[in-house]
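*Asks:* Assemble chain B with the ligands onto chain A, guided by the hints.
Protein chains in written order, with my numbering: chain A, 383 to 688; chain B, 30 to 464.
Keep in mind the hints are simulated off the structure, nothing from the lab. Where is the CB? At the ideal position from N, CA and C, for every residue including glycine. Zero decoy hints are in this set.
In the DSS-like style, the derived pairs of lysine-lysine whose C-alpha atoms are separated by at most 27 Å in a straight line are:
no.: 1; chain 1: A; residue 1: K520; chain 2: B; residue 2: K267
no.: 2; chain 1: A; residue 1: K505; chain 2: B; residue 2: K38
no.: 3; chain 1: B; residue 1: K48; chain 2: A; residue 2: K511
no.: 4; chain 1: A; residue 1: K402; chain 2: B; residue 2: K267
no.: 5; chain 1: A; residue 1: K520; chain 2: B; residue 2: K48
no.: 6; chain 1: A; residue 1: K551; chain 2: A; residue 2: K561
no.: 7; chain 1: B; residue 1: K267; chain 2: A; residue 2: K511
no.: 8; chain 1: A; residue 1: K520; chain 2: B; residue 2: K38
no.: 9; chain 1: A; residue 1: K517; chain 2: B; residue 2: K267
Here are some chain B residues pointing at chain A (derived, C-beta under 8 Å):
no.: 10; residue: A263
no.: 11; residue: G268
no.: 12; residue: A275
no.: 13; residue: R276
Spelled out from the first residue to the last, the chains are:
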Amino acid sequence: MPVIETRGLVKHYRNVQALKGVSVAVEAGEIYGLLGRNGAGKTTMVKILLGIAHRTAGEAFLLGRPVGDPAARARVGFLPEDHRFPDYHTAESALDFYASLSGMSRRDRRARIPEMIERVGLKEAARRKIRTYSKGMKQRLGLGQAMIHDPDVLFLDEPTDGVDPVGRKQIRDVLVDLKSRGKTIFLNSHLLSEVELVSDRVAILELGLLRREGDVPSMTTAKDVYELRFDGRIDPLLPEIQKRVRGLRRIDQGIEVDVDGRDALNGVIDFVRDRGIGLVGLTPKKQTLEDVFLQTIDSPPGAPTS
Amino acid sequence: MRRYAAVLKDSLVETLDRKSLTFLLAVSAFIILLCASVGYRELDAEGTLRHLVRHFNTVATFRGMNARATRFDVHFDVSDVREVVGGEGDSSVEYECTLTAAPVKEFHRCVLAWQAAKSEESRVEGDSVPEPGPEAEESFVQAKFRERFIPRVTVRGKSAEGDARAFDVRIRTSRRAVLEGSHEISVLFGAWSTRLPTSVAVFLIGVEVLVAEYIAGIFGLLIAIVFTAGFVPAMLQKGTLDLVLARPIRRPGLLLTKYVGGFLYIVFPAVLLIGGCWLILSWRADFFNFGFLASIGLLLATFALLHSFSVLCGVLFRSSIASIMMTVGLWGVSWLVGVVRDGVHAFQVDWAAPGALVKALDALHLILPKTRDLGRAAVELIARGNLGAEASTMMAQQAGAEALPVQWGSCIASSALFVAVMLTAACWVFSRRDY
Ligand SMILES: Nc1ncnc2c1ncn2[C@@H]1O[C@H](COP(=O)(O)OP(=O)(O)OP(=O)(O)O)[C@@H](O)[C@H]1O
Ligand SMILES: [Mg+2]
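Same shape as in the complex, but just chain A (with noise of 0.2 Å):
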């Protein structure tokens, strides 16, 4: 059974629609990014999926449980985007707070409380009122509130915005640790190279629709595109094998071809290995998460994705 499941999920507000149908099924234990361009409908999704805004249409699904049902939220936890904590708080009763409110007793959180705010590097700050806390404190706050009762999902939107590199780090850290732990972490952002570190499975969304999902390694490997590599001079041959494939490109000892399927690939290799030049190398063409997610917003709505 998917930890969070949506299922032609639609959100309208009053003059926009936020979500167009979007189904997902995040399963335990996985890192799930969602990207999109601003105002693509990522807020909205998790949102929805916590009972703070409610669905036009579609159905929602927390731990098993329909969204909106408090129980369903008891083992979630959650980072907001542009949370703003009350700043009568320190972190300390902040901690003290949140973590009441998801039932923990007073025994729990007198454990639990000093070990979090060690582990978001907030201890020197513990005890003054968040008004005095920079951005990026606020923001190692956040984390701990949104991991105070040891969550069994996390949503976290936006969680490195804010942060210094050192702190992304750390946090990239505290994901993949949760992971170990077989924590399910459904991860909202922009910084793709981010989500590409430590993310098993993107969904990319544009316009309130989901317009490609997959884990990463295969969406990151271009389809039909190779590397090869020689051991002799390839140039006077290129003219020939631009015959054979789709795109051919010249890079350094040797090509990168577009082929149309295994076969012609083949064809490719043997034309060379016939021209007595030995292939040294072949590697799949690798892409940036970037690309494809600029390749994905740029193509129609209708066109196929992979």
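*Replies:* Then chain B with the ligands, alone, in the frame of chain A:
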């Protein structure tokens, strides 16, 4: 349960942070100190009764709507005062004395003027004064005592002594402090003292009404409204509410707990102020007026009414300024409706108000929070506690009891209904909104 306790605690942290609670508590402590600085000393019975009868020569006469006090040149005095301490377990006191009025002629003019005023005839003029009967004289004296909230008096005429009329008077009161001029008052811890011109009971009614109705009931409530109006909008701020709503908590429960949190915020200072003043005043005057203590309930009820509306406004507009203005507005309007309605009903006697106006006022009065009724109920409680039921009714009549009587049952029921409707509406809106 733990979750809602956490919300309450959060409200407490919020108030403590704003220093407003500290401010209210400090003001309360100061007022209690002022109450403590006033002391009373009981004076002798004879002096008290002499003081009491000294203004019996003033008669209120009416010309149309205007009352006028006319003073006659007659001197009242007491002699032969005996104190009869009440029977078994009775805290009441009884006095017997001889009351004299001189000269007789002027006394008769005085009695006749009083009779005329009572039957709303024109005043008696000229020198030829007809003699009022002995019964009229006796009821005149009795009425004069009643004017001073002493209902239980027996008066029997005695033979004239020279140019004076004499009466055997027997007064029974619940306690000494309801007699005019029975005590000496000292202010600022004895810095200055004088014979209190009224009774301690009436003086305390004044002080207690000042504390409960003006200081707490207007100034305190206003501050409470201003400070608590920000609770709900602060919680609803974008980015703040997300943190809470993502927790396993129900929205109506969250909002109702916020309401209770705001309410508890006023409970502390109200109990401290009125409870503290009550304790101090009771100790200084040696009398426990539980009516004053009970007025805390009416103050809290008034706040509960206004605060429920403030919470609804907070949910609707998410702005503390809007909330404050609407709530104070509602308070003013509801109070005004109460005053105008009382006025219209009072003048119904000689001016038939249009039926539609009366109906509209009654309808408004029914749906709006009964802030004025609750205020009047508090005054009634305070007066009754100090003077007893009979005398406080007399006092209310004297003060111009044109107002409709406070209907406790319907007042409490409709107030509870108002709170319920406001909170239900607030919860409904809060639950349906997207944040
Ligand atoms: N409360 C609201 N009322 C009306 N429209 C809203 C509301 N919240 C979001 N929207 C609209 O819904 C759309 C999706 O917004 P959403 O916040 O989900 O985007 P996002 O993907 O999180 O963007 P970002 O990357 O900027 O955070 C936007 O067009 C936004 O204007
Ligand atoms: Mg967003």
